[in-house]
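Q: Protein chains in written order, with this note's numbering: chain B, 1 to 374; chain R, 1 to 374; chain Y, 1 to 374; chain W, 1 to 374; chain C, 1 to 374.
Hints are all accurate, no fakes.
Identical chains share a label here; the pair holds if one copy fits it or two copies do between them.
Pairs of lysine to aspartate or glutamate, EDC-like flavour, derived with a Cα cap of 16 Å:
no., residue 1, residue 2
1, 59, 45
2, 60, 45
3, 219, 305
4, 115, 279
5, 370, 217
Hint data in this document are derived by calculation from the structure and do not stem from the laboratory. Please read all numbers here as calculations on a predicted model, not as lab measurements.
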Amino acid sequence: MARNRKTRTADGAQTTGEARRFRRQTHPGDAPGILVPPPDSPKPELTVFAYSADQLVEKKLAGVDELAPLRQRFPVVWLNVDGFGDTAVLQRIADLFGLHPLAMEDVVHVDQRAKVDDYDGTLFTVVRMVSFPGDELETEQLSLFLGKDFVITFQERPGGDSLSPVRERLRRSSGKIRRAGPDYLLYALVDAVIDGYFPVVERFGDKLDDLDSAVDDPKNRRTMTAIHAVRSGLLQLRRAAWPHREALQNLQRDTHALISDDTRVYLRDCYDHVIQIMDVLETYREMGSDMRDLYLTAVGNRTNEIMRVLTIMSTIFIPLSFIASVYGMNFNTERSRFNMPELNWIYGYPFALTVMAATALGLVGYFLRKGWLR
Amino acid sequence: MARNRKTRTADGAQTTGEARRFRRQTHPGDAPGILVPPPDSPKPELTVFAYSADQLVEKKLAGVDELAPLRQRFPVVWLNVDGFGDTAVLQRIADLFGLHPLAMEDVVHVDQRAKVDDYDGTLFTVVRMVSFPGDELETEQLSLFLGKDFVITFQERPGGDSLSPVRERLRRSSGKIRRAGPDYLLYALVDAVIDGYFPVVERFGDKLDDLDSAVDDPKNRRTMTAIHAVRSGLLQLRRAAWPHREALQNLQRDTHALISDDTRVYLRDCYDHVIQIMDVLETYREMGSDMRDLYLTAVGNRTNEIMRVLTIMSTIFIPLSFIASVYGMNFNTERSRFNMPELNWIYGYPFALTVMAATALGLVGYFLRKGWLR
Amino acid sequence: MARNRKTRTADGAQTTGEARRFRRQTHPGDAPGILVPPPDSPKPELTVFAYSADQLVEKKLAGVDELAPLRQRFPVVWLNVDGFGDTAVLQRIADLFGLHPLAMEDVVHVDQRAKVDDYDGTLFTVVRMVSFPGDELETEQLSLFLGKDFVITFQERPGGDSLSPVRERLRRSSGKIRRAGPDYLLYALVDAVIDGYFPVVERFGDKLDDLDSAVDDPKNRRTMTAIHAVRSGLLQLRRAAWPHREALQNLQRDTHALISDDTRVYLRDCYDHVIQIMDVLETYREMGSDMRDLYLTAVGNRTNEIMRVLTIMSTIFIPLSFIASVYGMNFNTERSRFNMPELNWIYGYPFALTVMAATALGLVGYFLRKGWLR
Amino acid sequence: MARNRKTRTADGAQTTGEARRFRRQTHPGDAPGILVPPPDSPKPELTVFAYSADQLVEKKLAGVDELAPLRQRFPVVWLNVDGFGDTAVLQRIADLFGLHPLAMEDVVHVDQRAKVDDYDGTLFTVVRMVSFPGDELETEQLSLFLGKDFVITFQERPGGDSLSPVRERLRRSSGKIRRAGPDYLLYALVDAVIDGYFPVVERFGDKLDDLDSAVDDPKNRRTMTAIHAVRSGLLQLRRAAWPHREALQNLQRDTHALISDDTRVYLRDCYDHVIQIMDVLETYREMGSDMRDLYLTAVGNRTNEIMRVLTIMSTIFIPLSFIASVYGMNFNTERSRFNMPELNWIYGYPFALTVMAATALGLVGYFLRKGWLR
Amino acid sequence: MARNRKTRTADGAQTTGEARRFRRQTHPGDAPGILVPPPDSPKPELTVFAYSADQLVEKKLAGVDELAPLRQRFPVVWLNVDGFGDTAVLQRIADLFGLHPLAMEDVVHVDQRAKVDDYDGTLFTVVRMVSFPGDELETEQLSLFLGKDFVITFQERPGGDSLSPVRERLRRSSGKIRRAGPDYLLYALVDAVIDGYFPVVERFGDKLDDLDSAVDDPKNRRTMTAIHAVRSGLLQLRRAAWPHREALQNLQRDTHALISDDTRVYLRDCYDHVIQIMDVLETYREMGSDMRDLYLTAVGNRTNEIMRVLTIMSTIFIPLSFIASVYGMNFNTERSRFNMPELNWIYGYPFALTVMAATALGLVGYFLRKGWLR
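Bound-form chain B, shown alone (with noise of 0.2 Å):
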């Protein structure tokens, strides 16, 4: 169900979902910094990146024991840390690393928005993850701890994350990855983050792509909730990406103590790359209202082409019928030669005939000359 909180389909049903994707855990009377985790979060999986520049050790943790000599042997140490099904694990760490009661409220509540908050001696950051499998937008929060010698990585459930590049990258040790400190680290991984954008935004601009033909077709009845679901799926990408604008600025600008002069010019990268997702994004969401237009138009433009036709042919049999009605009058024609002479007249019928072509042709003309037929 946690999972079901975050999920909600791009493809119309969106609304529903999203509406309801708003939940606060907090027990009335609880004191702030008690962790309360989403109800059917699972149990704590703890990996482990130990590394210096010439040597590297991964693993799985059984418990948060393991920890301490790892960080007595290694420069940096990364803990990723998957799920809060146990919140007494999840407090050991707090413990252990010296996390604020306030920074680990906000990793177990996973609404957070992306943000940069300075605890003396750690650094908090929550960046937004974004993936799109099947037909549906999922964000998943990343809470990041940066100290002296370590990194921490909370995570609400095992894979699905868009840090296997950094991964990648330590084992290989491709680049100054494994030569710089944690705060390179933290760099990587939230730059990881904002790359993992990329994919999905090239998602949408696809559907646009695709709807783009759609567009002027108005009898296409599905258009309109197609592109009310781009424009859904779009809003709630921005709204997630937004922020780290924010939090990236607040990065690269401010004087943390812990973030040298050199990463910093990484993160202003990091940061050129929020401003490029963001202006794409403005882009697709004019684009989709554009389309939104288009469409109306078109459809409105049917509708009035079908009255327009069906109007005009009504408006030429509308006199033809009433010259036929005259002549289906049943004035005694014996009483008096006022009395319908037309119907005894050798050429009557033709005569009548000929009145009602030269109506119509005279009408079809009148509106020809107005430009009515198209």
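Given the coordinates of chain B, assemble chains R, Y, W and C onto it according to the supplied hints.
A: Same frame as chain B, but now just chains R, Y, W and C:
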């Protein structure tokens, strides 16, 4: 009536109460600082929580005089006042604690927006509690004074506040609340008020979910009113919540001597909650707008659909009727062989019926090819 | 006509007067600072309140010369001038108190927005009084000069100002007004002007309440005009009120030597009132927009409703008429047994009627099933 | 053509000229600072006002050389140049007074927005004059250079500027203009330009007043175009006026050595005028939008009205015609007593007419009760 | 395909290419700073301009090694690189001039927005060139590095840049370009790019002018698509131009050690040009919106017009047909004198025709009086 003044339904007649909401009770000629409470405000009820880390006295006060000994005995005294019906009592409290006349005026004029004012020696904070009893959104002003050794809170009426969690924590001495100073109590109270927004916001989320399924059914006439009501309610909620942003930023950032650095960290967390609420309200409003658009599109489509089908039906019959009218004309067939010879033709009637059928089929075919029948 | 220039109805013809509102009286070639009052401005009436904590002199002045002895006797002198019809008098006052020519120019050009200008030795403030006599919103410019021992106020015309509460408090020596300096008097006057907005805002609230019940009735043609009038009035009010925000912020924050710290606290309170007014006006405007939307939706729905019902009715009769027309054809039944044998059939007429009834019922059933009859 | 480039009608064809307005004359490969005036710019006309408190020389110059003796004799020299047809003359003026090449480039590229640029030793200001000769809004760029002892103004063409009041005041030595320095002259010139906006704004006010009475008449087809034209004109005016705000703020606030504190007070006044103009333009634009909405509503109402009345009329006749058609059927009454016995009934015809009348009355009654006939 | 990626038509199918525009080439797992150019990027072509005030060497380089002697001989070296097809070459240039890996990554990821990044010792600037070959708007990224004695520019492909005017000025030694340092060259290049926007903007102005005459003709179906295309094109152009504003503000204001005060003045001028472009684009967009509104109004008016005329025509004939139907009824006149005596009346037929004519005239008169026939 004080209650009525702030009560308005969220489900339709909202606008009525809302427009009348705004009243100022200043009598012309009164100097500022003269207390003029709402006319039917209940008599003030005084409740006090006086505590230290290991002791707690909680009692209802019969008079203001009982406060002095408590203040001497305990490092923190929280006086809560419900109702403003007796100006003399209010004035004595103000004198006793040195509360500024302008602040007291704001206390009884219960239309204040959330704000923080620094008076010499006391910090005056206004926040707005929301609740959703029955089908109506209610807001109530909570005024807080923070002094060196006290917090005083004023509420418009007894009962129905959002502060029970704080009382409970004081009683159970849960967390650090009893060990911390009055600034932490101020934080705890404000935080409880902000937390009170979450269930109300959730209520609106549920309403939106309900509407979401109704939005595709253009026959439901109440949908429009319901959407409108939700949008109005969200607007109200947003107006109540919005100024807390600035107030909390003020509390957290500015250098108020009465607030310790440690409490500031907690206030920052509270500020984040306000941001989160604003974020969700914003999303809900956009969802509301989208629903309105979808509903109006659905209604428009239905009307177009009906008109189109009916017009097509008429258009098919109009030429047929014309043909029938023609053969209803009374031209004298005996007078001339030009006059409606079809009438005397052996296959005249079948021929006429065939022409009609052919015309109808031709038109239907044309409309089908044009794609006008769906 | 000066009166006409600022008078405009809030109930319909508002736009006319509004557009013509804007006039500058500068004659080409005049140097700045030359006083050119509105052409039909009344003769100035001078009233003075000179007071100390225990004495008060209130009188109408015959000439400017009577001021000098009062200034010597009293710590605070408040001179109020109504009307600008005699430039010489204005000029003598300006010379006597050292008022800057540009400020005096602003005094007589009564289209100023609210503002605060610091001239050497005097503080020049413009605020805008509003009133709602009859059915028309009126605004009047109040210009205030604050000096070390005086306040001078200029009004466009005698009577109808918002300052009576201040006069009353001076006479009754209510509150601290007589004990405080001229800066507190400035505050009291500005506060009285701002307080004068509240009843006017309330009037609009009442109008909105009245409209709220009319908005569901699409037959009422005047609703649209009335909504439009309220919206225009609110726009005007907003334009008058808005600049006070900046002016009061300026008064309260900036370091004007003439304003004491104590008075600054009061001005902050006054600033809060302006914010409150803006907030309510904003809400009213949104309510006005919502009402317009609701009314237009109601009107649209009614039109759709009518058209739908009528079209359905026509559509049911069209096939019936066609059947009747068919049996009105004159094919000669004697010539052949193919020619309308129904006419000679014993049950021909009942059969035809049955077919018609069946057709009608079939169509009604179809429409019912489609949900087109409500 | 230079004239054409900036001329556009405010009454309909505005968009055409507007779109073509934007031209840059830089020839590829030219270095910045090379003067390329508009192709058909008139020959420069040089006029000089050289003055001190008690002397004034005003004359047209034959050549640039006549300036040197005037600069020596008088503390302030104002050189006005109309037309850029001779680059050599412009270049010599630039050399003589030390005007920066980039500023000179801006002088001849007459599409500049209002701005203030500080070059070493001279202050370069651009403002935009507006006028409304005939039915067209015209704008003309006025470039001003302020030096220690001179003001130089450049205009695109002779005649039609807003500066006559300043010339007149110089001649009459009215106010302090002759006693003050060149910075006050700069102020006086800019103020005259700003004052020139007032009558133009008033023109638009008059147009809006005229439209206001036309807006209720949906039959007037030209109203829409006229509203559109006024809105376009206001947009243009707003674009011309808007940048003056920043320019004047710059002049008034920044510490330009060439501007004295005393003149700064006057510039603040001028800045207030710009704010006032923007304020009125904003109001006019909202009025224009409101008018458009009202007009479109009126047009829509009229169409609805017509359609409704006509549809009701048709709907009443359709059942009547059906009844008549029924009794026009030719079933053989002789064959059977079931076949249309009404035809042979004595009161058949009166009965049929009665049924028709009853049907008609019934429908009218129904429509009346439904409130569909108004 | 690299070319295709950035090519999109401005005349209709714009949205397609646009949505697909956004691609990131980072391979998962790559460390930042690894160069991954677009897949089909052409081989880099190296061109160098090395110059002093009196000497200029311009040549195509075969390899990077030829640069060293030129850097020693000349105070300024401008290396231009077209195409990124050979990563090794790019890497060697980066190493030779000390270009930061992140900046090099931005060089080959050709989706950057205009920006300025200060790296230790070099200033990295990105601008975006626009051109309008055929009927398509194309943009190309130009990346510039400024060092103490060099400027390096990177372009996506050879040919089609906006820099020819600068090359020409270098060759002709026109203006101060050869005498100034590399910062002035940077300015000249950026200014040339900005100047390249003007003809493109003018193209859109011409398109708007063309549309302006078409906008009144509701029969032209292509107008809507054309307006939409122009609006899309303007949106794209605006997105390309907008970030230059911030970039140039950064260049001009910030204290980059590599840029002299003298050049700053020139950059301010360039900044003014960007503002001017934004201003015109804004106006064009508003004109586009207005045109769309006008066109939609014209289309709506035409439909209303047609429907109104046709409905009026029908309405006139409906009562006439009814009268004819009445006299087409077959009541037996022989049976009773109540049964349709008009049929046997001598003037029956003329009477019936007269009634019809009178009805028709009455209706036409009514419609005329109501003003419904125009």
